[in-house]
Amino acid sequence: AQSVAQPEDQVNVAEGNPLTVKCTYSVSGNPYLFWYVQYPNRGLQFLLKYITGDNLVKGSYGFEAEFNKSQTSFHLKKPSALVSDSALYFCAVREGDYKLSFGAGTTVTVRA
Amino acid sequence: DVKVTQSSRYLVKRTGEKVFLECVQDMDHENMFWYRQDPGLGLRLIYFSYDVKMKEKGDIPEGYSVSREKKERFSLILESASTNQTSMYLCASSFSGVQAETQYFGPGTRLLVL
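Residue numbers (the working numbering), protein chains in the order written: chain Y, 1 to 112; chain E, 1001 to 1114.
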């Protein structure tokens, strides 16, 4: 079965500093990987996805993610975090034709 | 913009009640999904549907059933609610396709079973 792991429950950064949210995956074959964000009292919003091609994927709100096959990682990054980036972030991998398998989530807090 | 709506934001029900959660999408998506979200567990798939009247069990289908009579609407049913079904329920939809298709989520329904 495909799966993803988010090793950090929480990430705390100061505004203006780089933000990294970690994700590792375990799949057979080529992975389709996603990042979603959930702001307080809201549903999940799509940030970006990796299917194939460039290892650096750019997404919404200034986020990007780097696919690293040798380390089986797909870390989410933002060069300069904003207070408004405080949210719950989920990494996910596609399973079969339809399903997404989600990580447990990482709570990001950006302090002013 | 894709819009996925859920019938209620908050629900309070009693143990043993039958509960209906409804989801509607306006993008003509083939696939629809029901997840539950619990702290520390991420999202877990309950059921999904890839076409009208078609459904498949997800990872945690016990205690739930679903109905998809129209393409735009996907209902989750708790036949006899129990306290361990207190959770946030999220509906999602997507196109079908060979490549990974983005899922679009509704705002969620927070269900409390007393």
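Among the clues, some could well be false.
Unchecked claim - To give an idea of the chain E side of the interface with chain Y (calculated C-beta under 7 Å), a few residues: (1) Tyr1050; (2) Pro1061; (3) Gly1063.
Unchecked claim - With a cut-off of at most 30 Å between alpha-carbon atoms, the simulated DSS-like pairs for lysine-lysine come out as follows: (4) E:Lys1018 x E:Lys1071; (5) Y:Lys99 x Y:Lys22; (6) E:Lys1057 x Y:Lys49; (7) Y:Lys99 x E:Lys1055; (8) Y:Lys22 x E:Lys1070; (9) Y:Lys49 x E:Lys1018; (10) Y:Lys99 x E:Lys1053; (11) Y:Lys77 x E:Lys1071; (12) E:Lys1053 x E:Lys1071; (13) Y:Lys58 x E:Lys1055; (14) Y:Lys77 x E:Lys1070; (15) E:Lys1003 x Y:Lys99; (16) E:Lys1018 x Y:Lys58; (17) Y:Lys49 x E:Lys1055; (18) Y:Lys49 x E:Lys1071; (19) E:Lys1053 x Y:Lys69.
Because the hints were derived from the structure by calculation, they are not lab data.
Note that the structure is a prediction, hence the values are computed from the model and not measured.
Heads up, the beta-carbon is just placed ideally off N, CA and C, and yes, glycines get one too.
A quick look at each hint next to the structure:
1. Tyr1050: Constraint on Tyr1050 (chain E) satisfied, holds at 6 Å.
2. Pro1061: 13 Å, violated
3. Gly1063: Hint violated; Gly1063 (chain E) Cβ to chain Y Cβ min 20 Å, cut 7 Å.
4. E:Lys1018 x E:Lys1071: This hinted pair holds, its Cα atoms lying about 23 Å apart.
5. Y:Lys99 x Y:Lys22: This hinted pair holds, its Cα atoms lying about 21 Å apart.
6. E:Lys1057 x Y:Lys49: Distance of about 25 Å is within 30 Å: holds.
7. Y:Lys99 x E:Lys1055: 13 Å, holds
8. Y:Lys22 x E:Lys1070: Distance of about 39 Å is beyond 30 Å: violated.
9. Y:Lys49 x E:Lys1018: Violated. Lys49 (chain Y) to Lys1018 (chain E) sits at ~38 Å, over the 30 Å cutoff.
10. Y:Lys99 x E:Lys1053: 18 Å, holds
11. Y:Lys77 x E:Lys1071: Not OK: Lys77 (chain Y) and Lys1071 (chain E) at ~37 Å, beyond 30 Å, violated.
12. E:Lys1053 x E:Lys1071: 9 Å, holds
13. Y:Lys58 x E:Lys1055: 34 Å, violated
14. Y:Lys77 x E:Lys1070: 40 Å, violated
15. E:Lys1003 x Y:Lys99: Holds, at roughly 20 Å.
16. E:Lys1018 x Y:Lys58: Not OK: Lys1018 (chain E) and Lys58 (chain Y) at ~44 Å, beyond 30 Å, violated.
17. Y:Lys49 x E:Lys1055: 26 Å, holds
18. Y:Lys49 x E:Lys1071: 26 Å, holds
19. E:Lys1053 x Y:Lys69: Given that 30 Å is the threshold and the Cα spacing comes to 39 Å, the pair is violated.
Figure legend: structure checked against the earlier numbered hints; hints not met, in rising order: 2, 3, 8, 9, 11, 13, 14, 16, 19.
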